[in-house]
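Chemist: Sequence:
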Amino acid sequence: MITGAHTVLHAEDPPLARAYLREVLRLTRVNATGDDRPIFGLPPAEIAVHPTEPATSGRHELYLMCAELDDTVAELTDRGAEFTGEVSRQRWGTLATLVVPGLGPVRLYQPTHPTAQDLAPGAGITGAHTVLFAEDADRARAVLRDVLRLPAVDGGGGWPIFAAPPSELAVYPAAPDVGQHELCLLCDDLEPTIRELADRGAEFGGDVSLRGWGVVTTLVVGGLGPVTLYQPLHPVGDDRDVSDTP
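To convert a position in the sequence shown, counted from 1, into the working numbering, add 1.
Since the hints were derived computationally from the structure, they do not count as laboratory data.
Note that CB positions come from ideal geometry on N, CA and C, so glycine has one too.
Fair warning: there could be bad hints in the mix.
Label-pair restraints from in silico Cβ distances [stated by the list, open to error]: (1) G213 with D139: 35 to 41 Å; (2) G157 with M2: 40 to 46 Å; (3) D71 with D189: 28 to 34 Å; (4) W93 with E136: 31 to 37 Å; (5) D190 with G103: 24 to 30 Å; (6) V209 with D14: 30 to 36 Å.
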């Protein structure tokens with residue numbers, strides 16, 4: 002069954018962005034390939050599905066959550082973080098924009114909506130919120146609910162926010178034809194997971210392939226599109242050693 006989520010951030014300067022995640026956000030990590038391409042452990046994560054708009058078409062987003070925005074901004078600023086624009090208050094939270102060198106802007110917010118993961122008290126990064134943009138948001142949410150069976154809370158107005166399985170974060174070079182971030186789902190054993198999901202009505206595209214980093218297939222989420230599903234051959238974020246944190 003689904004055991005994790007792997008988020009890929011495409012950066013113009015991956016080493017610079019990775020150094021920032023390591024030294025400023027102080028995310029724990031494992032070295033996946035032995036050539037200084039770390040995979041970072043994320044705090045408790047959740048997934049929301051939003052309707053696609055022209056400005057967001059083909060792009061997913063990663064938001065970082067905190068318990069107290071002012072305290073977290075002050076803490077990260079003391080570590081050298083830079084923020085752009087003003088703090089704003091939205092219906093769903095108090096929001097700031099964190100500038101990650103080599104990557105670009107990442108939203109940081111203190112949620113006022115119910116969250117799918119309990120937030121720990123105090124300052125610091127406490128969660129990750131991934132937004133998936135779908136042409137048919139209701140249909141995509143039904144797949145996450147009925148096929149993947151992710152638990153959810155009502156984020157307001159009947160919009161569910163799904164709890165993501167244990168999550169990790171990787172930074173890849175940005176290719177000219179990419180320009181978006183990606184969500185991949187992990188499992189312990191791909192073949193039985195495919196059978197289990199197919200019995201629930203899941204559809205898959207293409208053949209299973211063996212890559213250097215995993216055994217891979219493509220899950221077609223109705224209303225959303227293709228999502229990579231794979232059995233990792235690399236170390237995963239849950240295997241990280243917390244003593245590796247600076």
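Chemist: Any hints from earlier that this structure breaks? Give me their numbers in increasing order, please.
Modeler: Going through the list in order, the structure violates hints 2, 3, 4, 5 and respects the others.
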